[in-house]
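Respectively, the protein sequence lines represent chains A and B.
The first sequence maps to residues 5 to 149 in the numbering used here.
The second sequence maps to residues 94 to 242 in the numbering used here.
If you're looking for bench data, these hints aren't it; they were derived computationally from the structure.
Values in this document were obtained by computation on a predicted structure and should not be read as measured data.
Heads up, the beta-carbon is just placed ideally off N, CA and C, and yes, glycines get one too.
Among the hints, a few may not be true.
Label-pair ranges, simulated between beta-carbon atoms [stated by the list, open to error]:
hint : chain 1 : residue 1 : chain 2 : residue 2 : range
1    : A       : Glu117    : B       : Asp145    : 19 to 29 Å
2    : A       : Lys7      : B       : Arg176    : 36 to 46 Å
3    : B       : Ala105    : A       : Thr29     : 18 to 28 Å
4    : B       : Asp171    : A       : Gln8      : 50 to 60 Å
Straight-line Cα separation of at most 27 Å, DSS-like style, residue types lysine-lysine; simulated pairs [stated by the list, open to error]:
hint : chain 1 : residue 1 : chain 2 : residue 2
5    : B       : Lys104    : B       : Lys169
6    : B       : Lys188    : A       : Lys111
7    : A       : Lys86     : A       : Lys7
8    : A       : Lys133    : A       : Lys111
9    : A       : Lys111    : A       : Lys7
10   : A       : Lys133    : A       : Lys87
11   : B       : Lys188    : A       : Lys87
12   : B       : Lys188    : A       : Lys86
13   : A       : Lys86     : A       : Lys133
14   : A       : Lys7      : B       : Lys188
15   : A       : Lys87     : A       : Lys111
16   : A       : Lys7      : A       : Lys101
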Amino acid sequence: MAKQFYFEELEAGYEIPALEKDPTTQQLVKYAGASGDFYQIHYDKDFALAHQLPGVILHGALKNAFLGQMMADFAGDAGWLKKLSVQYRGMDVPGVKLVARGRVVRKYVEGGEHLVDCEIWIENAKGEKTTPGSATVVLPSRAVH
Amino acid sequence: MANKVVTDEVKAQIGTRGEPRVYEIERGAIRRFAEAIGDPNPLFNDEQAARDTRFGGMIAPPTFCRSLGSGIPQVKLDLPGFRALDGGSDWEYRKPIQPGDRITVQSRIAEIRETAGRLGPMVFIVVETSYTNQFGQLCVTQRSTVIRY
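The following block holds chain A by itself, in its conformation from the complex (with noise of 0.2 Å):
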């Protein structure tokens, strides 16, 4: 199990553990198959070419999957990822290694729950931000109540 973070441990600026992934054509099947998201372009390259793109593309709710999956680890098995969104900016190729990232924005207590803001983003190759996003999840406090 990845290491628990705590409200008192971070400091706006903090960097996420980043979360590498390196994206297959036989990824996107799989994606396809467990999703339901059977659009051609993610896995038949004829039908991709025919539609002006460079080939099959990944889903692109498979990179919100990874950044779900930083999230989630980042929150650990006593906090809890509150809230994810993602906007998918540029496409990314399956062959092409890409970096989930984020960092700690900001911190608070609301609603008696200690809360983190984090910018995140998916990066490829050459370091352009393909899918910008926010998240904000509840930690674990160690104050004592």
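Chain A is already provided as a structure; the job is to place chain B on it using the hints.
Frame of chain A, contents of chain B only:
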């Protein structure tokens, strides 16, 4: 700028609901989804390990609800083509979804707006989908944006 595509008639579709659908959540489907996205988190894969957490067992990963298709109401638009892009999603998580849950999925057209794009009018359609468990507890809300152009 006056809307070219999103007329008052089109806007009248805001609030339209799709047919609710009910899904029984299978442990195997959660594991398969976790495997497909390459997420080894024991909470999503290992019932034994997940028993010892405060969840008392496996839960679904954050975007698992993408596998629970919703009866999204089709928005009628007067556009020359049928090109559509997934613009992104905003999720809110209130309660975990666990194996054995019966989840009711309900979609609603929340927003329809238009901007001028490079290739002509672009229409942003926001669909809000709620995922409610068998106890009537709202577990997850997803607002997804589809871009039609």
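| said: I'd like to know which numbered hints this structure contradicts. Please list them from smallest to largest. | reply: Checked against the structure, the only hint that fails is number 3, while the rest are satisfied.
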